[in-house]
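The hints should help you fit chain H onto chain P, whose structure is shown.
There are 2 protein chains.
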Amino acid sequence: MVKELDLPVRILLGPGPSTVHPRVLKAMSMPLLGHLDPEFLDIMNETTVLLQGVFETKNHQTMAMSGTGSAGMEAVFVNLLEPGDKVIICVHGLFGERMVDIAGRIGCSVVKVESAWGEPIDPGKVKTALAANPEAKMLAIVQAETSTGVYQPLEEIAALVDDAGLLFVVDAVTSLGGMEVGVDKYKIDAVYSGTQKNLSVPPGLSPVSFSERALQVLDSRKNKVQSWYLDLSMIRQYWGQERFYHHTAPISMIYALREGLRMIEAEGLKAVTDRHLVLGRSLQAGLTAMGLEMVVKEEKFRLPNLTSVFIPEGINDLEVRSRLLNEYNIEIGGGLGRYKGKAWRIGLMGYSCNRGNVILFLAALEAILSELSFKLEKGAGIKEAAAHAKCTAESN
Amino acid sequence: MVKELDLPVRILLGPGPSTVHPRVLKAMSMPLLGHLDPEFLDIMNETTVLLQGVFETKNHQTMAMSGTGSAGMEAVFVNLLEPGDKVIICVHGLFGERMVDIAGRIGCSVVKVESAWGEPIDPGKVKTALAANPEAKMLAIVQAETSTGVYQPLEEIAALVDDAGLLFVVDAVTSLGGMEVGVDKYKIDAVYSGTQKNLSVPPGLSPVSFSERALQVLDSRKNKVQSWYLDLSMIRQYWGQERFYHHTAPISMIYALREGLRMIEAEGLKAVTDRHLVLGRSLQAGLTAMGLEMVVKEEKFRLPNLTSVFIPEGINDLEVRSRLLNEYNIEIGGGLGRYKGKAWRIGLMGYSCNRGNVILFLAALEAILSELSFKLEKGAGIKEAAAHAKCTAESN
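Listed in order, the protein sequences are those of chains P and H.
Residues 0 to 395 in numbering that gives the first Met the number 0 are what the first sequence lists, from first letter to last.
Residues 0 to 395 in numbering that gives the first Met the number 0 are what the second sequence lists, from first letter to last.
Check the hints yourself; a few may be wrong.
[Unchecked claim] Each computed DSS-like pair below joins lysine-lysine, with the alpha-carbon atoms no more than 25 angstroms apart:
(1) P:K111 - H:K223
(2) H:K85 - H:K221
(3) P:K25 - H:K2
These are computed hints drawn from the structure, not numbers from a lab.
Same shape as in the complex, but just chain P:
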């Protein structure tokens, strides 16, 4: 017989999922309503309003797809693209590569704009690609590359895409609720995210938002959307006034999302993003003071909420991560793709992003690295992190 759940209580400081707030866990355990219950339809409407807040958009078509962040990525691509369409995809990490893979499965021709891992996309290269491919339909880019820790500024690229008249698609899986996404400001036509990062909600839903222009593209398709499950032309009739049944929505997860978003609304989006920025930079200062090397060299291109740091020479990746997990109940992430075994990824997202976690993690890492004979100045990380947090908070 399979035993009753008896779980360790982890502090989730990886690239996501982050720790779920108790208020969210409580909301998720509320009794189920039917997916067409008038009370549940109100909850859906409220979720849309709250999502419009974090996406910073007035887009009517703002909702949660019934799958994780990658389902949101696929939903955006299969709804806006058709076989034979040309799409420009910016690739500066694993999630850019995933977009290329998905576009290929649709039968699109893909133009890649690349940068080295650990660096953002150069707007100059985007300009060149746009000029060379006037027939392209869409440009897609990852705002927060979870595989590298790179923050991709959108302002210049957004303006270039707008000038060229392409659909502008942004992956905000790791950015939503942790930094400015600015859907309306950057004239983003389609954006997708996940619940398990800065929203302090379990994985399972993908918040998305579509502009009116994107919906027009959807409405004028020649072919049916290749995925029935992700077909927005039907799903929007369930999230919209019509309330046509499409599939049974993940009701409890929507309770959870609504509660995570309520918490952001209460704290205020600016205060939330400031918290992520201050504590992220504080962690990065602490790690640097301990003698570790950042993957992303320039601070302005470093995500605040996901820090990639090289594993010091002679230190075993799995040994350190296992000890953090087993001795401190702290989970951090390993490297992905070409950083596998070479970097750690430390997340400070949502509820996990608090000052205590910064200090606890640095102290735990110091203790483990010291025992593994990595030379460091005792207490330097914690001291620097604390000083940095104090100073940055004051300057805000």
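Leaving out everything else, chain H in the frame of chain P:
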């Protein structure tokens, strides 16, 4: 500001979702683990074992897809079919039609075997279709048609498909955990279900199981699976020994599924399916005694856990359902497709399937119908249902 969740406690007697058991709600609210945490990997393994139990299979590739039941349907179709493949689809309701839609989006040619709504598929027609289409790759059928309440016996059809050597695909969304699915017994190659019916778990996951032969078909594909999100060739490396990251699993939902399945394991699958049978027939006897007409004429083709009944002449569908909801907190389902406004669908699934709910529902319906001047013999429904339940239970 959006207010704190304050929900009515519904008794969910529709076609799904059913009421979630408090033990499942509790499991779902346990602290989150990471999707690669060794403790979570154990939970995944246990979930596979428990799912093998309800599917009645030894299939190694038994797991939960990260979407609702319809995602499971799409997953089976996109993984096993390629453009140009011919597929025979049995259509005796809305969910058969959905399979046709999905197969069309893949670029398959579809041969339909149809029956009138409210009737099961005639094995004779299947035999004819198999003979006429020797090049067909797969035959798909819905075991429990949620749109009509028809139970589709699989035995004869399974033997025909086996003789013809096609892949055999079964939709078990409404049957799993409520009646025999018999994956190994009927040599089913791929089967999918949902969590929100007889498993007493919220919607959000799709349990699936694939035979070795199905996996060989997957391995010998000419083209990539058209959906990245549902690509089993990658997902199986996460659920399997490799533990390769694909997407972030809906962790809390898997806790919930595991708990719902533990409850079935504890009660015993035979006892669980007996309970659904006894109480379903009891409800049907009660409704008939009240003077209502079953959609499915022959009892042997009537689902025990989902009863379709015609709305009596002169009675307003929405008025009755609204009163059930507002006065008794009872949700039942309206008709789908050609039964919209003409039938009600009453589910007795999982935790919702208990004797008290049968009596409560019949009493509430009687009270409302009496007030709406539908002529019925007072108390006949309840009396007949109780007698039927007693008698059937004794004969088991």
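Practice task
Please write out, lowest number first, the hints stated earlier that are contradicted by the structure.
Solution key: none
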